[in-house]
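Undergrad: Protein chains in written order, with the numbering used here: chain R, 676 to 1083; chain P, 2 to 120.
Because the hints were derived from the structure by calculation, they are not lab data. Hints may contain errors.
[Stated by the list, open to error] Taking lysine-lysine pairs in the BS3-like style, the calculated list, with each CA pair at most 30 Å apart, reads:
| # | chain 1 | residue 1 | chain 2 | residue 2 |
| --- | --- | --- | --- | --- |
| 1 | P | LYS95 | R | LYS1031 |
| 2 | R | LYS965 | P | LYS83 |
| 3 | R | LYS1055 | P | LYS59 |
| 4 | R | LYS968 | P | LYS16 |
| 5 | R | LYS1018 | P | LYS30 |
| 6 | R | LYS965 | P | LYS30 |
| 7 | P | LYS85 | R | LYS1022 |
| 8 | R | LYS1055 | R | LYS882 |
| 9 | R | LYS832 | R | LYS845 |
| 10 | R | LYS886 | R | LYS1079 |
| 11 | R | LYS968 | P | LYS56 |
| 12 | P | LYS83 | R | LYS1062 |
Bear in mind that the values here come from a model prediction, so they are computed numbers and not experimental data.
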Amino acid sequence: MNTAELIPHLFRTEYRKIVAVLCRRFGFDQIEMAEDIASETFLTATQTWGITGIPPNPPAWLYNVAKNKAKNYLQRSSTFKSKVSPEIINSTPDFYETEIDLSPENINDSQLQMMFAICNPIISTEAQVGLSLRILCGFGVQEIADAFLTNKETINKRLFRAKEKLRALKIKIQLPGSSEIDERLAPVLTTIYLLFNEGYYSVSQDKTLRKDLCLEAMRLCTMLIENQNTNKPDVNALLSLMCFHASRFEARFNKNGEHILYEKQDTSLWNTDLISKGGYFLSCAASGNKLSKYHIEAEIAYWSTRQADTKEKWESVLQLYNLLLQIEYSPIAALNRTYALSKANGKEEAIIEAEKLELTDNHFYFALLGELYTDLNNLKAKGNFEKALLLAKSEGDKQSIKKKMDEM
Amino acid sequence: MNEYLILMRLDLITKEAQPSPEQMEGYMKQYHDWVGGIAAQNKFVGGTGLSMEGKVIKPNNVITDGPFAEVKESIAGFVTIKAKDMDDAVNMAKTCPILLGDGNSIEVRQITGSHQDNN
């Protein structure tokens, strides 16, 4: 790799570590300083490596520069002295001399703690996902804007407001105590799951970016599992579910980036390694007595790794959706449940149930009705597909609906 | 939207009225599909089946075993739902598969949200 390729790569893997460590050390209210120092470190690397060549151990080089920059900053900055609570300085005798600890253990701890600081319901879920992408995953603002199909200014504003809010709250960067860990884990898991879905179902056409989002979500979840305080059954269930879904990543799109319907996917492209990992984490999730929505969704995702239409499969999936909807309603789960109902109990019953859903602003709703009416009443099927086409926003969705119409 | 209690009653004492394990499995599937259908409309609030054992407590500290010592219609389970009005709630309750059994019944009551009598 040359400098031009290496730096963006290192930015993705190292920026977040430097920010987390500095932020943990100096407090959340110094997050902008932490980000500035990390950014400047990469600027220095770009300038220096272009002349002197790439150092033998690039991450170590970056850490060193970051440490020095942090020290200089602290010594220079009078605002820091007045802003940072004096007790930190007083309680740490050699505050300015102490090495900034960029050991693997401290990096890991810091990142884990940052996760809990950022995934806080006090800021909107969009802001949590955005901040996670920036601070925990080292995504550039442009990349985040691409993922959300918006522009840099919007993302910058959103991130800035979120940081201000967290700062005002005086968020502590630490792991929650064992008594509140379940409660605090919930929003962390939600954010990780949203991050994954953002990649998996995103309207963005950029396949590499989408895959990166999914992998980052899985990496964050793995970090939670590797720490014994946060290695809980629902965390394992979430990772299991993401492994099962991610196993189909390569089979979901053709060469032109068009979505391939599940039934049409080439199962030889499914990643068997991820499928068995999903199975492993699902078995790890089977302890304790709490059945979370992630458990149910992971089991549904498990059935998705078996393409063949069997009675057992659809009956199991239907019962899982029956259960999932009682825990947490969502329109997409309601629609999927109705599809499973048609496979398990027949189309006639599913149509009656589908008509009750009244999700008339949802193109998936009409696409489902179209599919259920196909062969039973093709005129109605066509009418529903047409309604779906009118409501569908993304090109990929429109293509999928057209394909269904052609098959009719 | 108001909340309604759907109280399911069935005969838990007459021996002939008890389903075989296979029949029971079929009934449970129908029941789960019925609850799932309510949940899919975002109208499920809560509720669950009940254990076959229980105690009945009467004045003067009279406690007897079983919820069904004297009546043929025992409470089998309850579900609370959201519905526009009583008619809507009754329509949802009507499709409960428990009504496929002779002598079984369902009672629908609006949940008032307070302990006072709203009527």
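Undergrad: Can you confirm whether the C-alpha distance between LYS968 of chain R and LYS16 of chain P stays at or below 30 Å?
TA: 39 Å, violated
Undergrad: Regarding the pair LYS1018 of chain R and LYS30 of chain P, is the alpha-carbon distance no greater than 30 Å?
TA: OK: LYS1018 of chain R and LYS30 of chain P at ~15 Å, within 30 Å.
Undergrad: Hey, LYS965 of chain R versus LYS30 of chain P, does the alpha-carbon distance stay inside 30 Å?
TA: 22 Å, holds
Undergrad: Between LYS886 of chain R and LYS1079 of chain R, is the straight-line Cα distance small enough, at 30 Å or below?
TA: 26 Å, holds
Undergrad: Starting from LYS83 of chain P, check that the Cα of LYS1062 of chain R is at most 30 Å away, please.
TA: Satisfied, since the Cα-Cα distance of roughly 29 Å is no more than 30 Å.
Undergrad: Is LYS965 of chain R within 30 Å of LYS83 of chain P, Cα to Cα?
TA: At roughly 26 Å apart (the allowed maximum being 30 Å), LYS83 of chain P and LYS965 of chain R satisfy the hint.
Undergrad: Below or equal to 30 Å on CA atoms is what counts here, so check LYS832 of chain R against LYS845 of chain R.
TA: Within the cut-off at roughly 20 Å; holds.
Undergrad: Given the hinted pair LYS1055 of chain R and LYS882 of chain R, is their Cα-Cα distance within 30 Å?
TA: Violated, because 35 Å separates the two Cα atoms, which is more than 30 Å.
Undergrad: Is the straight-line distance between the alpha-carbon of LYS85 of chain P and that of LYS1022 of chain R 30 Å or less?
TA: Holds: LYS85 of chain P and LYS1022 of chain R sit about 27 Å apart, inside 30 Å.
Undergrad: Please verify whether LYS968 of chain R and LYS56 of chain P have alpha carbons no more than 30 Å apart.
TA: 34 Å, violated
Undergrad: Holds or violated: are the alpha carbons of LYS95 of chain P and LYS1031 of chain R at most 30 Å from each other?
TA: 15 Å, holds
Undergrad: Check the hint pairing LYS1055 of chain R with LYS59 of chain P against an upper bound of 30 Å on the C-alpha distance.
TA: Not OK: LYS1055 of chain R and LYS59 of chain P at ~59 Å, beyond 30 Å, violated.
The structure does not agree with the numbered hints 3, 4, 8, 11 stated previously, though it agrees with the rest.
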